[in-house]
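Sequence lines, in order, name chains A and B.
Residue 1 is where the first sequence starts when you use UniProt numbering, and the numbers rise one by one after that.
Residue 1 is where the second sequence starts when you use UniProt numbering, and the numbers rise one by one after that.
These are calculated hints, taken from the structure and not from any lab test.
Keep in mind that a hint or two might mislead.
Stated by the list, open to error - Derived Cβ-Cβ restraints for the label pairs, each shown as a range:
#1 A:Phe-84 <-> B:Gln-21: 26 to 32 angstroms
#2 B:Met-1 <-> A:Glu-432: 44 to 50 angstroms
#3 A:Gly-36 <-> B:Glu-432: 29 to 35 angstroms
#4 B:Gly-281 <-> A:Asp-407: 39 to 45 angstroms
#5 B:Arg-224 <-> A:Arg-242: 39 to 45 angstroms
#6 B:Met-1 <-> A:Asp-437: 42 to 48 angstroms
#7 A:Glu-416 <-> B:Pro-205: 56 to 62 angstroms
Claimed, not checked - Under the rule of at most 30 angstroms between Cα atoms (straight-line distance), these lysine-lysine pairs were calculated in the BS3-like manner:
#8 B:Lys-237 <-> B:Lys-346
#9 B:Lys-243 <-> A:Lys-329
#10 A:Lys-237 <-> A:Lys-346
#11 B:Lys-155 <-> B:Lys-329
#12 B:Lys-155 <-> A:Lys-93
#13 B:Lys-430 <-> A:Lys-430
#14 B:Lys-260 <-> A:Lys-329
#15 B:Lys-243 <-> B:Lys-93
#16 B:Lys-260 <-> B:Lys-329
#17 B:Lys-243 <-> B:Lys-260
#18 A:Lys-417 <-> A:Lys-93
#19 A:Lys-417 <-> A:Lys-430
In this text, all values refer to a predicted model and were calculated from it rather than measured experimentally.
Note that the Cβ used here is the ideal one computed from N, Cα and C, for glycine as well.
There are 2 protein chains.
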Amino acid sequence: MTLLLTNALLLPCTADMPVIQNGWVQVDGETIMATGVGVPPNIPGAETIDFGGDVLMPGMVNPHCHMAMTFFRGLGEDVDDRLFRYMLPLERKFVTPQAVRAGSAHAALEMIMGGVTTVADMYYYETEVAAVVDEAGMRGVLGQTLADFDPPDHKSFDEGFALVDRLVAAYGGHPRITPSIAPHAPYSTGIEVMRRVARFAEEHPGVPVQMHVAETDQEVEWARTNFGCTPVEAVEKAGLLRKGLICAHCMHVSEGDIAKMAHAGVCVAHNARSNGKAGRGIAPVEAMRRAGIPVGIATDGAMSGNTLDLFAQFGPVSMFQKILGHSRKPMQAVEVIRMATAEGAKVLGLDARIGSLEAGKQADLIRIDLSAPRCQPVYDIYSTLVFTAMAGDVRDTMVAGRWLMRDREVLTLEREKVMRDALQVAATFKAEMARIDAGT
Amino acid sequence: MTLLLTNALLLPCTADMPVIQNGWVQVDGETIMATGVGVPPNIPGAETIDFGGDVLMPGMVNPHCHMAMTFFRGLGEDVDDRLFRYMLPLERKFVTPQAVRAGSAHAALEMIMGGVTTVADMYYYETEVAAVVDEAGMRGVLGQTLADFDPPDHKSFDEGFALVDRLVAAYGGHPRITPSIAPHAPYSTGIEVMRRVARFAEEHPGVPVQMHVAETDQEVEWARTNFGCTPVEAVEKAGLLRKGLICAHCMHVSEGDIAKMAHAGVCVAHNARSNGKAGRGIAPVEAMRRAGIPVGIATDGAMSGNTLDLFAQFGPVSMFQKILGHSRKPMQAVEVIRMATAEGAKVLGLDARIGSLEAGKQADLIRIDLSAPRCQPVYDIYSTLVFTAMAGDVRDTMVAGRWLMRDREVLTLEREKVMRDALQVAATFKAEMARIDAGT
């Protein structure tokens, strides 16, 4: 089955980030066979879709998320002790495999509608997340979390590693799902467990490691007090600063840390809105990229960043670096889109398969309608995408040659059922919060 | 004619910012007659509209804009010398009354679609802007700009003041339009002209003054070199730091400046995205509000902030103050919505008439549909509005009892004609830019 997508404003997101008016893409099955400009080839039996000048670009890559946490979106936003007052008790009591499925399906729905085709996730009951991502037709690097704070699905690290083994057994070799191991953070796993994760990674070269690194002041204090070093150096001490490590956040990294990270070949998932909302400062994204570290644009979970599309991140990603540099020059719009596509794919180790539209790559792509008055005129398409386009402007979403959304209708998930299930979890949370607030 | 808007999630934005489930609002003609909860009064002949649980809140107030500059949206975004290379030449050559009408109509269309009902504008040929705002049915505080850099519509300040007089004569006493005088900035008018503006303001107590204040490093340098003081002190020296002055930006204000501004009773329009994109740092909004200065949330022109709805500002407004305070606590969501409504109205001196939904005020209101998966669940409606809602979620917009938009269709402007005219101006600009780039 051949599909010809024609008459598009084609942004293939290849190395020099070209802008191709009247471009076309030929998709055979799940693969891109060719791209071009002007009149497409005449292929008997091919289906042709005229994009009418709409943007055609790679699906976006979200390299750090906690999908199921849609059920915490906006909960206790301005309550000082929301983590201990609401979230941890709710998580321990109500985060079941069913709840994880409901929250993850809600997240998949939102991401497909916002143009995200690949997500890196870390949460509990991760085989449930994988089942949802598979059903939704998305691509994912899905990490079973390991942590010492009595999380819902494991009472010990041994139990946690068993969950990782189960995930790898179930999804190793899947065409769209890459199983992953996700030690929560240096301070919540400790040096010994990080060492064990490093050994696991050595033995499983196809299993990426995801971890929160250099995110909080407390983590910096933990590394300093216990080891007289930085969080990145603690990770290095454990032998975990190695190729295949995806570091989320990296707010508190020194010049020395950046050099070590670049040398080790680790990658970074930048969560601008989540970091900004927490008042944690600004991650040195320009400095990390200058050092050669690939950096992707991530949403974090909805409890932190609220939305799961990348458009809502673009403004902050760009503005934060300009503020840090006290100049208009840092983080130009074209670089933001590169990070959201090709560079994000590299962060996840998937750049041979996705991240750009070129022959041989998987057909993961989106169509964006810029006819809203807000999006016009267009002088520079990258500026338009970064500073005016929104999740709702995405019209169609395809992964591996399969349409997940057409004309704003998601085809792989039953929207009404997904929302009903999600709101049922939220109703349970609200009832429990009322009990907590009443002190009963 | 009585209209009953019922079954709404009513946010009246009165002093204690209540959240009213199943609320109603009664509108008679252009005025709100009553608000309440539950079953509305039985009024024979009244038209009832069931909001189905949608948000009903005051229309938003955008206290600083250059509407016509939609024609510059995204132009030369990452070109270093875009101001001198493109914008000033284009402005001098092509900014005619017709172009101002086209750009302003485009802006009005976008603002109505994004839930902005009142705008403060400063640009050239401001009587043309007023004609557009009037036709569109919006409310406006519309300022004729005065500047020394050879702007398109006046060659001297005398000519500029004559344009102000014409604007005041044409629109003084208009029910929705407040004529205003807009000295561009301290450095581009100078102390003597600011003195003349202060005298004008003294003689025209109903005409607010709008000015860019403490916006750029160069302005700080100008004040220091010429007068050994801050920009705010230069304004004070000219006698212009007085009630009725609306200061846009205020990035570079000291504690002493803030005390003087509070004492004088001036107000501030905060332009988070515009400031962030320029890398100019973060305006001390929390400090100004703590001192008692009313601060509204503004978009600036589309050449600087790109979009003209307030939703796109909310995240940056909140995050910037949290980053400045290195804490989650500053600028809570409810305060952001207060600034976008009641406080914005106060900034423009219109708080007796608009900014909240209560008996006796003008019926300027919007309906917001939160059914998108991205907007659910709702634990705290203010968090939802600040961190997940977007311009496209606004469904209906009313000003002075008249629907400007229903079900996303703008009723007061011909969308296709407006966009055709706007894109024609952009085409002229693109041709000239090509000539400039070719050096011919």
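Hint by hint, here is what the structure shows:
1. A:Phe-84 <-> B:Gln-21: 26 to 32 angstroms: Roughly 29 angstroms apart at Cβ, these two residues keep to the hinted range, so it holds.
2. B:Met-1 <-> A:Glu-432: 44 to 50 angstroms: Given about 47 angstroms between the Cβ atoms, the range holds.
3. A:Gly-36 <-> B:Glu-432: 29 to 35 angstroms: Between A:Gly-36 and B:Glu-432, where Cβ atoms are some 31 angstroms apart, the hint holds.
4. B:Gly-281 <-> A:Asp-407: 39 to 45 angstroms: holds, 43 angstroms
5. B:Arg-224 <-> A:Arg-242: 39 to 45 angstroms: Violated - the Cβ-Cβ distance for B:Arg-224 and A:Arg-242, about 52 angstroms, lies outside 39 to 45 angstroms.
6. B:Met-1 <-> A:Asp-437: 42 to 48 angstroms: holds, 44 angstroms
7. A:Glu-416 <-> B:Pro-205: 56 to 62 angstroms: holds, 57 angstroms
8. B:Lys-237 <-> B:Lys-346: Distance ~25 angstroms between B:Lys-237 and B:Lys-346 Cα, so the pair holds.
9. B:Lys-243 <-> A:Lys-329: Violated, at roughly 37 angstroms.
10. A:Lys-237 <-> A:Lys-346: holds, 25 angstroms
11. B:Lys-155 <-> B:Lys-329: The hint is violated at about 49 angstroms.
12. B:Lys-155 <-> A:Lys-93: It is violated: about 72 angstroms lies between the C-alpha atoms, which goes past 30 angstroms.
13. B:Lys-430 <-> A:Lys-430: Measuring from Cα to Cα gives roughly 54 angstroms; hence the hint is violated.
14. B:Lys-260 <-> A:Lys-329: violated, 34 angstroms
15. B:Lys-243 <-> B:Lys-93: violated, 37 angstroms
16. B:Lys-260 <-> B:Lys-329: At roughly 26 angstroms apart (the allowed maximum being 30 angstroms), B:Lys-329 and B:Lys-260 satisfy the hint.
17. B:Lys-243 <-> B:Lys-260: holds, 12 angstroms
18. A:Lys-417 <-> A:Lys-93: Holds, at about 23 angstroms.
19. A:Lys-417 <-> A:Lys-430: Cα-Cα ~20 angstroms, so holds.
Taken one by one, the earlier hints fail for this structure at numbers 5, 9, 11, 12, 13, 14 and 15, listed in ascending order.
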